[in-house]
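Residue numbers (the numbering used here), protein chains in the order written: chain A, 346 to 438; chain B, 22 to 564.
It is possible that some hints are incorrect.
The following residues of chain B were derived to be distant from chain A, with all beta-carbon distances above 12 angstroms [stated by the list, open to error]:
{"id": "1", "residue": "V56"}
{"id": "2", "residue": "R244"}
{"id": "3", "residue": "R255"}
{"id": "4", "residue": "F308"}
{"id": "5", "residue": "D465"}
Now the in silico label distances, taken between C-beta atoms and shown as ranges [claimed, not checked]:
{"id": "6", "chain 1": "B", "residue 1": "P190", "chain 2": "A", "residue 2": "A372", "range": "42 to 52 angstroms"}
{"id": "7", "chain 1": "A", "residue 1": "M406", "chain 2": "B", "residue 2": "D550", "range": "45 to 55 angstroms"}
{"id": "8", "chain 1": "A", "residue 1": "M406", "chain 2": "B", "residue 2": "K106", "range": "25 to 35 angstroms"}
{"id": "9", "chain 1": "A", "residue 1": "E414", "chain 2": "B", "residue 2": "K106", "range": "24 to 34 angstroms"}
These are calculated hints, taken from the structure and not from any lab test.
No residue lacks a Cβ here, since even glycine has one placed at the ideal position from N, Cα and C.
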Amino acid sequence: MAVREVVVGSRIGLHGRPAATLVRVAAAQRVPVRIAVAGQEPVAASSIIAVLALGARGGDMVTVEADGEGAEAALEAVAAVLARDLDAESADV
Amino acid sequence: MSEPLTGLGVSPGRTAGPLYRIGPPPALPDVVPPVAEPAAESEQALAALRSVSADLDALAARADGTAAEVLAAEALMAADETLAKAVTAKVEVGRPAAWAITDAVGEQQRAFEELGGYFAERAADLADIRDRAVARLLGLPMPGLPSPGEPYVLVAEDLSPADTALLDPSAVLAVVTVRGGPTSHTAILAKGRGIPAVVGCPNVLALTDGTVIAVDGTLGEVRAIDVSEAAAVRAEAARERALLAEITGPGRTADGHPVPLLLNVGESADLVEDGEGVGLVRTEFLFLDRTSAPSVEEQRQAYVEVFRCAGGRPVVIRTLDAGADKPLPFLGLPEEDNPALGVRGLRVARVRPEVLDDQLAAIARAAVDTEADVRVMAPMVATVEEAVWFAGRVRALGLPAGVMIEVPAAALRAGRILEVVDFISIGTNDLSQYAMAADRMNGDLAALLDPWQPAVLDLIALCADAGRAAGKPVGVCGEAGGDPLLAPVLVGLGVTSLSMSAPSLPAVRASLAGHTLADCQRLAGLARDAGDAASAKAASHTR
Chain A
346 MAVREVVVGS RIGLHGRPAA TLVRVAAAQR VPVRIAVAGQ EPVAASSIIA VLALGARGGD
406 MVTVEADGEG AEAALEAVAA VLARDLDAES ADV
Chain B
22 MSEPLTGLGV SPGRTAGPLY RIGPPPALPD VVPPVAEPAA ESEQALAALR SVSADLDALA
82 ARADGTAAEV LAAEALMAAD ETLAKAVTAK VEVGRPAAWA ITDAVGEQQR AFEELGGYFA
142 ERAADLADIR DRAVARLLGL PMPGLPSPGE PYVLVAEDLS PADTALLDPS AVLAVVTVRG
202 GPTSHTAILA KGRGIPAVVG CPNVLALTDG TVIAVDGTLG EVRAIDVSEA AAVRAEAARE
262 RALLAEITGP GRTADGHPVP LLLNVGESAD LVEDGEGVGL VRTEFLFLDR TSAPSVEEQR
322 QAYVEVFRCA GGRPVVIRTL DAGADKPLPF LGLPEEDNPA LGVRGLRVAR VRPEVLDDQL
382 AAIARAAVDT EADVRVMAPM VATVEEAVWF AGRVRALGLP AGVMIEVPAA ALRAGRILEV
442 VDFISIGTND LSQYAMAADR MNGDLAALLD PWQPAVLDLI ALCADAGRAA GKPVGVCGEA
502 GGDPLLAPVL VGLGVTSLSM SAPSLPAVRA SLAGHTLADC QRLAGLARDA GDAASAKAAS
562 HTR
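So that you can see chain B by itself, here it is in the shape it has in the complex:
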């Protein structure tokens, strides 16, 4: 068995099978032919783009749901007037049709990439349009999915929406790509179809077609294995899935140490019966698309709905988490050069206390109207003074108050903060971003943002120690809380509850059920002793 290749696991599950790479994109010949008649040449280029658009529309008609929408949007791009103008301009300066399209698409891709995030990922749509148009103009085969005649692992530089849409889950065991982030088409569609996927795996193209690989979409690992092992890997994965579904009940370790498993919810619609309560109600949904703040009564009704779904279970509701990175027009906040470090979270409430007071009044009334055990927490707290300010306002209404630990300064002073609040909840996404000085929106920094970073684990341990000393709860409500591998480590560090989105719950429950508290503590020690995130993960995974 060889060393694993690592990437970012974006769609969970394990499988194994032979890999096949997607057909290579058409290459432009080295010699650029002269353009005899620019008018005819640009008409040729535009005709190629029009037929690519028609092909994509036809593919959209065969696909359904998200895939159809994604393809229809790509068809719109191929027929776009801005692109057509740019291509014509390239032909006019002497570039033949296929080269003109390549140049124009390249410039547009760079513009999208500069915008970052979701916009950058549209660059893959443009690449697909270019490859299809160039293949058509030069009479080369269309790039596309392989059809090896047996179930296979699809390997590619990146998948275009067309590739992803046409992906047949009965033929494709898993997907591994060199590029792509957690919000790429590959990630979204693979997750939607339950196909394990690993993206951002730079060395996977070095493997040759037909090589049998095992793919772990939870760990983000790919390794070459012997063909005789593939069936066993698949059988074990199926057995694991069946086992997961069998474990039910409240969260606890193998030796019965209780760890309440809570849910992260937006609107009440995403509340399910499975959780032992709600660890995070995001209230932003009420404030989006608004030019003025919702009234206390409107908020009260919305909170009553969320609290009712919880029955008598505990509910932690977070006050408005807005800022220049999640802008809300009615707040009238100025633009900032560096919004992640700007006026956001509780800092907004310091500038606009009336917005917080209205929200707290609505929460308090809704709590009286329902059975739920309501607690209130503030986002983005950095100092003890901020925690005192917030807790005073919440307790004046008769509710328990807590704060999120997202800023390393707050983690370092968790003991002092716990003297003035009733609980803390660690937001691992922001805590990682701030501890590692790595922008959450930058896909290239994914490795630094890994919650397995020992520095982040140290900060979590500080919080947990402070909680133990104070006898107060310390929860985790970031993505890390829903990671079945990290869950025992967090519990071992001393975290008292884990909050996650509903789909993550069964795997986390099963993971805790497989470890005693002593196991968890040992794993936590191994992870903290590791030199870096990858070895922290490896150390606790192999035990």
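One chain only, chain A, in its complex shape:
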């Protein structure tokens, strides 16, 4: 199993739009990608509801994992989206 740790780049976290972008990228991969926050069971990264329910905030460390052929490439794609600040244009706090 391929595993990778990523820091959530979006300032507010994986809510509405950043979550949607992640889910679309995850759903487009050849293998299922799972995502977890510390201390919890991994969930499908292709489910927006499951991703939102993680409650991951900006700066949190999340773990993504996948099995089988193409797992590394899938994680690469998902990790790149996770690390980006997709909240960049939202109001600052």
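Given the coordinates of chain A, work out where chain B should sit on it, guided by the hints.
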């Protein structure tokens, strides 16, 4: 004219017109029909969700910008595999399609609400998906926007992203909702379209369709008026907008008492020419998304850019304001049960002084490289000892040092703190949170977090008095600094400068220009004498 209903003003502006409520959500019949064939029943439920998803995608294609993105995300939710599994599980225990969706959505909404903040507000997306799916399954009309054929004030329990996205600014004069907070879709989209909006207004649904109401999105007030008054309210609002745009120049009261109006900025991009300087540079942007601290040279370049935009104007730069509530991975801070009261702001610098020293070195070099009049301040200072520690490090580099007053302990000892620093700047958001013991992130506590709370005004007055005695500046750089109603009160309390985001500037400038210093002092006295926040606001508004 009746007593006003009050809520939270989230999109400024005034208007008036007849109110129309959004169509009611479809209701489930009292009698639950039996499920004959679970497999077929759950297929029916999933088909309804799929078509809701397709409808939302179609709406997204008609919308643009943020609205389109919000709708596309909702479409994704309607077609979600986790939701589908939960619905199927409900059907398997005997719930018919519409009931299964209602139950599954309810459970998911509770999970989101427990997460709070932005996540809690996604509960409205789920409610919309449920209503659309249930309407489809039971053959009931789709919930949606009214079309009364005249410009109207839209009133609703809460707006779904679909409603907000389809909102036509030429037909909708204003929006008033029972639920929703400052970060809800309603707030964000209304502000984006310049439609006045009031959220968190619990009694508005008691008014009947067609009632003419005046809405004030700045004050957060809604009141029923006579139909003959509506045109006058709209005309006056238009006149006010035109007047605001005409007043320019430095901030001053009607009798010429200067009150520098400064800007709160993140990166240099948000610096505009209008302000008389920068009252708050937030430096967190440099540190976000980092697994290691940015180098002194990288920081120097970023600060040079910000300082250059300021020209020769004063710039107050705040050192890194991080903590468990605004976590930065490279700091490696442990998780805390109560981050708002934990290791944050200057407390982080006490644990990791090398991060502060690098930042100060970069600021000092950038200051030498530019014309700007640079001052440095620390966030989240509680004691005189902390202020001494910080000021020593800043002054060693030849720069003036100040601290933010966000902790009531620091406000109470402002006099002693001003003996050891060059200026103070009041962060009203945190000061309110700590003075009122009310979590800033909790929308239900909005009333306690109101900067009009007389206790908060008393703390600000303490700081201003201390500043006057010491002959040192006392600024305000929280949200309150950009509130045109509060601005004269703050000046009356003795605050010497106001710092705000650029869009708030014209209204604050105009407000000060309309009051003499004596007016401001009288308003400040009235507000402090009031029994609570609402009467403080009312007392100084009606003069």
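Hints, one by one, checked against the model:
Listed as outside the interface, B:V56 is consistent with that label: its C-beta sits roughly 24 angstroms from the nearest C-beta of chain A, beyond the 12 angstroms cut-off. For B:R244, the requirement that its beta carbon stay farther than 12 angstroms from each beta carbon of chain A is met, with the minimum near 29 angstroms. For B:R255, the shortest C-beta to C-beta distance to chain A comes to about 28 angstroms, beyond the 12 angstroms cut-off, and the non-interface label holds. Not every Cβ of chain A is farther than 12 angstroms from the Cβ of B:F308; the closest lies at roughly 10 angstroms, contradicting the non-interface assignment.
The beta carbon of B:D465 is kept farther than 12 angstroms from every beta carbon of chain A, the shortest such distance being approximately 18 angstroms. Look at B:P190 against A:A372: about 34 angstroms separates their beta carbons, and that is not inside 42 to 52 angstroms. Here the CB-CB span from A:M406 to B:D550 is close to 51 angstroms, well matched to the stated 45 to 55 angstroms. About 27 angstroms separates the C-beta atoms of A:M406 and B:K106, a value consistent with the hinted range of 25 to 35 angstroms.
Separation of A:E414 from B:K106 is about 26 angstroms and conforms to the stated range, judged on CB atoms against 24 to 34 angstroms.
Checked against the numbered hints given earlier, the structure breaks hints 4, 6 and satisfies all the rest.
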